[in-house]
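From just these sequences and the hints, can you work out the full model?
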Amino acid sequence: MSEQFEPVIVGFLCNWCSYRAADLAGTSRIKYAPNMRPIRVMCSGRVDPQFVLKALHEGADGVMIAGCHPGECHYVEGNIKALRRFLLLKRLLKQWGIEDERVQLVWASASEGIILAEAVNKMTEQLRELGPLRWKETVLSDNGHKPVVAAELETEVEEV
Amino acid sequence: MSEKVGVYVCHCGTNIAKVVDVEEVSQWAGEQENVEIARDYKFMCSSLGQDLIIDDIKEKGLTRVVVASCSPHMHEKTFRAACEKAGLNPFLYEMANIREHDSWTTDDEVAATQKAKALVNAAIDRVVHQEPLEPIQVEINPNTLIVGAGIAGISAALELADAGNHVILVEREPSIGGHMAQLDKTFPTLDCSACILTPKMVDVGQHPNITLLTWSEVEAVDGYLGNFKVNVRKKARYVDEEHCTGCGICIDKCPFKVVDNVFEAGLGERKVIYRPFPQAVPKYPVIDVENCVYFLRGKCKACQIFCPTEPNSIDFEQEDEILQYDVGNIILATGFDLMDVTRIPQYGYGRLANVFTSLEFERMVNASGPTDGKIVMRDMETAPKSVAIVHCVGSRDNNYNVYCSNVCCMYSLKFAHLIHERIPDAEVYNCYIDIRTPGKGYEEFYNRLLEENTHFIRGKVADVTDAVRFPGEEGKLIVQVEDTLIGKQRRLPVDMVILSPAMEARYDSREVSQLFRMGCDFEGFFVERHPKLDPVATMTEGVFIAGACQGPKDVPASVSQGAAAAARVAGLINLGTVMMEPVRASINKELCSGCRICNDLCPYNAIVFHDDQEISEVITALCQGCGTCVAACPSAAITGAHFTNEQLFSEIEGILWDVREKQAVPV
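Chains as they are written, first to last, in our numbering: chain A, 165 to 324; chain B, 460 to 1126.
Please note: incorrect hints may appear among the correct ones.
Below, simulated EDC-like cross-link-like pairs (lysine to aspartate or glutamate); rule was C-alpha separation at most 16 Å, straight line [claimed, not checked]: (1) A:Lys195 / B:Glu568; (2) B:Lys919 / B:Asp856; (3) B:Lys758 / B:Asp774; (4) B:Lys693 / B:Asp779; (5) A:Lys195 / B:Asp567; (6) B:Lys694 / B:Glu678; (7) B:Lys693 / B:Glu776; (8) A:Lys195 / B:Asp566; (9) B:Lys935 / B:Asp922.
Don't read these hints as lab results, they were simulated from the structure. Note that this is a predicted model, so its numbers are computed, not measured.
Now the structure itself:
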């Protein structure tokens, strides 16, 4: 078997829904890619964009933020705040040439172990295709990435 | 900074050790910075495992502890308690979840061991930055919300109310009683179901400690253990409960009938203004607006005209009410649905007239049911001469539900007995896969049936048809089944077929689980905290479950669970206060710039702004610790206890230990 690139994904999972979804995936013995390394936060609203940048900078190939479905947040609407920050952060990352797939926001309730597992599998697959992030080359130096036109960004964000 | 960290890697029998090389992880952890000692052990949660930690804290002077085992939702409390016992503040302990999040999710031993190292390293790097914290006391509101008033909910409500606690009991249907009220006899003693249930229903209806809300549904749940706020929608009955005496004249006078698909399982009719059954609690009827001619066409009002009360109890203008309650605990006892057997077309239900479901048959044999207890075919007069009872309809079947529905064997035996009793010369066939009678007196009941001339045929029914192939089959239903004990295909021509369908989770159980923020499994049954040791608690503090909403169950098991859930709640009420995690935000006055960004972010309005000092402050009692404000503060003036920036940054660095080295770039 040829050596396949295995991305490292840092997952920020909210204590009430997504961390429990991951627990349920385990308890239900759902097999999924071991590439996501979970970090527990009380709410997806706790995820400071700095955490995402820190993880990417420290060598992660991708970051998954997972929270309760909109309308079901244990803290009323922390997940909506996470969504707002996520959209803003994506604009920044795009300008740095970091692909969309590398930072993902997932909704998984405590009963949706399978949804979380599938999201991890899908993201792992996408990052395997993309290859390593190489923060140094991608972000810190100009390696010929096309500058993104502001107008393009506008439409992108609206679509989300 | 030098902390002495103790790292303990659990084998969990083979649950972890089978996939993760625990010795390797432990040995590797011992080489990490700050780590004083690292051990692996078969069961860390056992008392011997805990003693390892306690002894090391005392003897080696550990200042921090990491246990790599299961989910913190499983054993965080256990190990925190062990630390506390040894004199270490429990918040100086951190857990690495290498079971649910690792060993159970993959068979790849190399990857799993690598992931375990990352999780352990993250915990080590995080724990050195953790600070001692003191728990916050929370008062437990002594009122309890119970959702669902079937036998499980009734048991729970009576246990709590009899012990002097107030209960708000919410039921979706117009009457309490649940499925048990529909049954005729209960196995194995053949007690009349109504005779044992209705006294309990009356107790509930009259209990001074129970606020009974039927024809009502919980719409919103807010808060946390000890302090939930719930909104209940009390649907309009169009009957004024204050003045209605429950005389039933309106029901008699109502000129319109519809098929009762709920209580009579489609076998009988009811009036448009109705009580599901005569002994209903409460006694007030309800108007079915979808079928009421007054609501449809603006004419009739027979019920109002004949209502003898003064003032008149019929109120066509009545509207839904939203009632708010503060409760300390919640018990969910929302029950089950019977599987829709039209999903199994080869059994012919809905197509072949004389194929019945078990619930239809229960109503039929019930003396107060639509046939007054006579066993008849769909023409409502002819008694069947032969009946086949089909077990495991949609249960133990990979195409539908893999689980065993637990009660069908016993009630199918009961049906056979009742048919013998009412139609002595009838031939009764029980087609089963296995007869499962694991309960007190159940096997004895089976033995009794074996002597009552019931034909037991071991084999899963393939097909129920009316297509005649052999003489003698004309006008009959033919049950095609392989009799596996004699190794032959058999065709049983019978007059009537009774299907014993699977017990399934309520159609809306997923939405209910989301409303109460707790888990439900693939099948939609609510997930208990522990399948053996904590079957009525859920992962959400203050939310308990009882009865068939947790999995298929018979009456005795539902009653036990109702009582068990009540006992758990009573324990908390008795304590009066519980300790809550001190995970709360606080603002450093010196750093706060008074920008007020955090003020609007807080969903609990826990942040106030002091105009005079131009700074914000968190009211600790209101703060729930989500950390949204912490993430938003541009001055980094807000600290989220136990989830500080420092702790999380260290955790991120730690979790990426193996890829960090390759990167090593300046910021």
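Comparing the hints with the structure gives:
1. Taking the CA atoms of Lys195 of chain A and Glu568 of chain B, the gap is about 13 Å. The hint holds against a cut of 16 Å.
2. Annotation: proposed proximity of Lys919 of chain B to Asp856 of chain B holds, straight-line Cα distance about 10 Å (limit 16 Å).
3. Between the alpha carbons of Lys758 of chain B and Asp774 of chain B the distance comes to roughly 14 Å, so the proposed pair stays at or under 16 Å and holds.
4. For the hint linking Lys693 of chain B to Asp779 of chain B, the alpha-carbon distance of about 6 Å falls within 16 Å, and the restraint holds.
5. Distance check on the hinted pair: Lys195 of chain A and Asp567 of chain B sit about 10 Å apart at the alpha-carbon level, within 16 Å; holds.
6. Proximity of Lys694 of chain B to Glu678 of chain B is assessed by CA-CA distance (about 11 Å); at most 16 Å being required, the pair is judged to hold.
7. For the hint linking Lys693 of chain B to Glu776 of chain B, the alpha-carbon distance of about 14 Å falls within 16 Å, and the restraint holds.
8. With a C-alpha separation of about 8 Å, the suggested pairing of Lys195 of chain A with Asp566 of chain B holds against the 16 Å cut-off.
9. Taken as a hint, the Lys935 of chain B and Asp922 of chain B pair is honoured in the structure, with Cα atoms around 14 Å apart against an allowance of 16 Å.
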